[in-house]
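Chains as they are written, first to last, in my numbering: chain A, 312 to 591; chain B, 244 to 548.
Simulated from the structure, these hints should not be mistaken for laboratory data. Since the model is a prediction, treat every value here as computed from it, not as a measurement. By construction, the Cβ of each residue, glycine as well, lies at the ideal position given by its N, Cα and C atoms. Heads up, some of the hints might be wrong.
[Unchecked claim] Capping the alpha-carbon separation at 20 Å, the derived lysine to any residue pairs in SDA-like fashion look like this:
id, chain 1, residue 1, chain 2, residue 2
1, B, K345, A, T443
2, B, K350, B, N320
3, B, K350, A, A409
4, B, K345, A, P368
5, B, K448, B, T428
6, B, K469, A, A409
7, A, K539, A, F462
8, B, K349, A, P368
9, B, K313, A, K391
10, A, K453, A, T387
11, B, K455, B, A496
12, B, K484, B, K495
13, B, K482, B, A449
14, B, K348, A, T443
15, B, K321, A, L414
16, A, K453, B, K349
17, A, K391, A, F462
18, B, K469, A, S477
19, B, K338, A, T457
20, B, K482, B, T472
21, B, K338, A, T366
[Unchecked claim] Calculated from the model, a selection of chain B residues having no Cβ within reach of chain A, i.e. all distances over 10 Å:
id, residue
22, W421
23, H509
24, G534
[Unchecked claim] Sample of chain A residues at the chain B side, in silico, Cβ under 8 Å:
id, residue
25, L342
26, D345
27, A409
28, G432
29, F532
30, L534
31, D564
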Amino acid sequence: MDAFWIILTGALVALNGALLGSFLLLRRMSLVGDAISHAVLPGIVVAYLFTASLTSPFLLLGAALTGLAATWIIETLNQKAKLQHDAAIGLTFTLLFAIGVILVASYTGQIDLDMDCVLYGEIAYVPLDTITLASGLDLGPKQVWTLGSLFIGLLGLLLVGYRGLSLTTFDAGYAAALGINTSFWHYALMAAVSLSTVAAFESVGAILVVAFLVGPAATAFLLTRDLKWMLVIASLAGILSAITGYYLALWLDGSISGAMAVMTGVIFAVAFVWQMWRGR
Amino acid sequence: MRPTFILLFAIVAALWMGCAPGPAPKRKPGEKIYIVTTTGMIADAVQHIAGDLATVDALMGPGVDPHLYKATGSDLNKLNKADLIFYNGLHLEGKMTEVLAKLGKKKPAIGLGDKLPEANLINYGTAHDPHIWFDVKLWSGTLPLIADALKAFDASNAITYTTNADNYKKELDELHAWVQQEMNTIPPDQRVLVTAHDAFEYFGKAYGIEVKGLQGISTVSEYGLKDVTNMVDLLVGRKIKAVFVESSVSDKALKAVVEGAADKGHTITIGGTLFSDAMGAADKPEGTYLGMVRYNVKTIVEALR
Numbered sequence: 312m313d314a315f316w317i318i319l320t321g322a323l324v325a326l327n328g329a330l331l332g333s334f335l336l337l338r339r340m341s342l343v344g345d346a347i348s349h350a351v352l353p354g355i356v357v358a359y360l361f362t363a364s365l366t367s368p369f370l371l372l373g374a375a376l377t378g379l380a381a382t383w384i385i386e387t388l389n390q391k392a393k394l395q396h397d398a399a400i401g402l403t404f405t406l407l408f409a410i411g412v413i414l415v416a417s418y419t420g421q422i423d424l425d426m427d428c429v430l431y432g433e434i435a436y437v438p439l440d441t442i443t444l445a446s447g448l449d450l451g452p453k454q455v456w457t458l459g460s461l462f463i464g465l466l467g468l469l470l471v472g473y474r475g476l477s478l479t480t481f482d483a484g485y486a487a488a489l490g491i492n493t494s495f496w497h498y499a500l501m502a503a504v505s506l507s508t509v510a511a512f513e514s515v516g517a518i519l520v521v522a523f524l525v526g527p528a529a530t531a532f533l534l535t536r537d538l539k540w541m542l543v544i545a546s547l548a549g550i551l552s553a554i555t556g557y558y559l560a561l562w563l564d565g566s567i568s569g570a571m572a573v574m575t576g577v578i579f580a581v582a583f584v585w586q587m588w589r590g591r
Numbered sequence: 244m245r246p247t248f249i250l251l252f253a254i255v256a257a258l259w260m261g262c263a264p265g266p267a268p269k270r271k272p273g274e275k276i277y278i279v280t281t282t283g284m285i286a287d288a289v290q291h292i293a294g295d296l297a298t299v300d301a302l303m304g305p306g307v308d309p310h311l312y313k314a315t316g317s318d319l320n321k322l323n324k325a326d327l328i329f330y331n332g333l334h335l336e337g338k339m340t341e342v343l344a345k346l347g348k349k350k351p352a353i354g355l356g357d358k359l360p361e362a363n364l365i366n367y368g369t370a371h372d373p374h375i376w377f378d379v380k381l382w383s384g385t386l387p388l389i390a391d392a393l394k395a396f397d398a399s400n401a402i403t404y405t406t407n408a409d410n411y412k413k414e415l416d417e418l419h420a421w422v423q424q425e426m427n428t429i430p431p432d433q434r435v436l437v438t439a440h441d442a443f444e445y446f447g448k449a450y451g452i453e454v455k456g457l458q459g460i461s462t463v464s465e466y467g468l469k470d471v472t473n474m475v476d477l478l479v480g481r482k483i484k485a486v487f488v489e490s491s492v493s494d495k496a497l498k499a500v501v502e503g504a505a506d507k508g509h510t511i512t513i514g515g516t517l518f519s520d521a522m523g524a525a526d527k528p529e530g531t532y533l534g535m536v537r538y539n540v541k542t543i544v545e546a547l548r
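Construct the entire structure; sequences and hints are all you get.
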């Protein structure tokens with residue numbers, strides 16, 4: 312069962328990443344996931360200073376709130392200060408991370424407090440952390456339930472907001488002329504990104520989440536120009552990376568998230584070569 | 244909608260691909276007990292107590308920083324197969340500590356540091372310094388915990404475990420006395436141990452040497468310019484002869500301190516490399532707990548005496 316749960320967890324992270332990542336790629340903000348992985352540090356430190364516990368759920372809450380704040384700052388800098396997205400992302404996450412480092416140095420220097428120790432999970436241990444009911448019924452890993460609910464929430468957001476999200480992504484001016492509230496969809500997408508990335512960090516660590524936000528969407532973008540197909544191809548590429556990555560990790564006896572992240576790159580490379588060969 | 248349909252198909256396929264054989268079979272009578280530990284120091288202690296009755300596997304090999312350890316594909320199998328699990332606790336293993344504590348509901352998984360009397364630990368607020376193995380006396384307090392867990396699992400060999408634990412405790416008691424005696428040969432005004440990060444607090448407390456780390460414990464905190472200047476002033480002011488590099492931390496910062504002191508006309512040597520968060524390679528004397536402590540103490544004493 313362990314292999315099943317690990318691959319399912321990887322596939323759920325991949326699906327969430329592929330769906331959000333496709334929109335991020337088209338908006339030229341793919342690296343926002345990496346930015347959030349750094350920007351959450353001050354939230355964790357402040358939550359620790361209040362709770363004085365390294366295992367408190369408030370640390371995750373602090374991380375989620377800082378993630379939201381980071382995406383809000385990025386969007387505001389982009390819309391109000393007319394700063395392009397890559398510069399806004401760079402400015403925001405370095406500032407927040409630097410605040411976090413200063414807080415660590417001045418208040419918690421004696422304690423091993425950083426994202427690796429208190430936030431980033433490890434996909435290999437997902438099968439060990441199960442939810443067991445009082446009756447003794449084993450419901451499977453906690454992370455599968457968290458990521459699964461996130462996935463259902465994301466599907467709901469896409470079903471309800473597909474028109475708004477896609478129109479504001481491709482042509483914000485046209486969307487505004489149609490009476491669509493463009494900033495609402497910007498902030499809605501960013502909120503979804505920050506919540507799902509922080510939850511995914513807690514389950515499987517940062518590298519895998521960042522890889523799944525960028526790789527599968529980039530692969531799909533090579534192969535299609537239709538957004539619906541892009542979402543599907545990205546999801547397929549993500550799931551394929553999760554499955555092949557798991558077996559690559561077993562074969563090499565290496566890190567599972569590392570191997571899955573490698574496979575997103577390999578699948579992109581295959582798609583790229585195929586595209587070059589086809590376009591000759 | 245066609246794309247949605249294909250997506251559903253893919254999810255079902257992923258679920259099916261993942262189905263694999265279930266958990267490992269139970270141990271047969273007469274078979275060796277399989278024990279998994281996180282650090283090499285714990286594996287060494289457990290192997291001494293269990294002797295030939297158990298196979299002991301440490302997840303973290305020589306030179307691995309436990310704070311930054313990344314699991315491999317086979318770690319989960321080892322943890323699932325294990326009859327008993329011993330880990331350091333006190334958050335040394337980071338997020339993994341939570342997983343191991345959860346696993347403790349299904350099989351014996353003992354966080355040794357978590358069970359030591361709190362009064363003997365170094366506390367920072369509600370958090371504790373996890374580097375308990377640097378105080379040999381404190382570390383020998385984990386031996387009864389290991390022996391009790393083994394006895395609870397395998398009562399038929401209880402006497403063996405008690406005898407082995409007593410014998411190993413004697414070795415550690417001798418080691419403790421030896422370390423104290425060696426450290427006392429350093430002139431009192433030279434008893435300052437300067438390293439890159441704060442792992443040696445227990446060592447300092449137990450053996451009367453002042454410990455100065457250049458950076459904090461957390462890996463995101465970097466040494467600042469002021470840290471270097473303060474350190475140089477301290478070393479020059481007290482005429483300290485040597486600073487020490489750790490096997491798992493970069494020596495760049497300490498080289499800055501050495502150069503800073505040289506500018507002020509005070510020569511400091513790098514006293515050698517200390518094993519801090521992991522032991523040495525298995526085929527060397529430093530690959531055992533006893534060897535590692537002796538090596539560290541010899542290095543410190545030779546450089547500061």
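> When you check the alpha-carbon spacing of K482/B and T472/B, does it fall within 20 Å?
Replying inline: Between K482/B and T472/B the Cα gap is close to 15 Å, so the pair holds against 20 Å.
>> If I take the minimum Cβ distance from W421/B to any residue of chain A, is it greater than 10 Å?
In response: holds (29 Å)
> Is K448/B close enough to T428/B, meaning Cα to Cα at most 20 Å?
Replying inline: holds (17 Å)
> Quick one, are K349/B and P368/A close enough, alpha carbons at most 20 Å?
Replying inline: Outside the cut-off at roughly 23 Å; violated.
> K350/B and A409/A: Cα distance at most 20 Å?
Replying inline: violated (42 Å)
> K469/B and A409/A: Cα distance at most 20 Å?
Replying inline: The given pair, whose Cα atoms are some 17 Å apart, holds under the 20 Å limit.
> K469/B and S477/A: Cα distance at most 20 Å?
Replying inline: violated (51 Å)
>> Min Cβ distance, F532/A to chain B: is it shorter than 8 Å?
In response: Not OK, violated: F532/A not within 8 Å of chain B, min 15 Å.
>> Less than 8 Å between beta-carbons is the criterion; does D564/A satisfy it with respect to chain B?
In response: holds (5 Å)
>> With the threshold set at 20 Å, check whether the alpha-carbon distance from K313/B to K391/A stays at or below it.
In response: With Cα atoms ~42 Å apart, K313/B and K391/A exceed 20 Å; violated.
> Holds or violated: is there a CB of chain B closer than 8 Å to the CB of D345/A?
Replying inline: Hint violated; D345/A Cβ to chain B Cβ min 16 Å, cut 8 Å.
>> For a C-alpha distance cap of 20 Å, please report whether K338/B and T366/A respect it.
In response: Within the cut-off at roughly 8 Å; holds.
Of the numbered hints stated above, those contradicted by the structure are hints 3, 8, 9, 10, 13, 15, 17, 18, 25, 26, 27, 29, 30, listed in ascending order.
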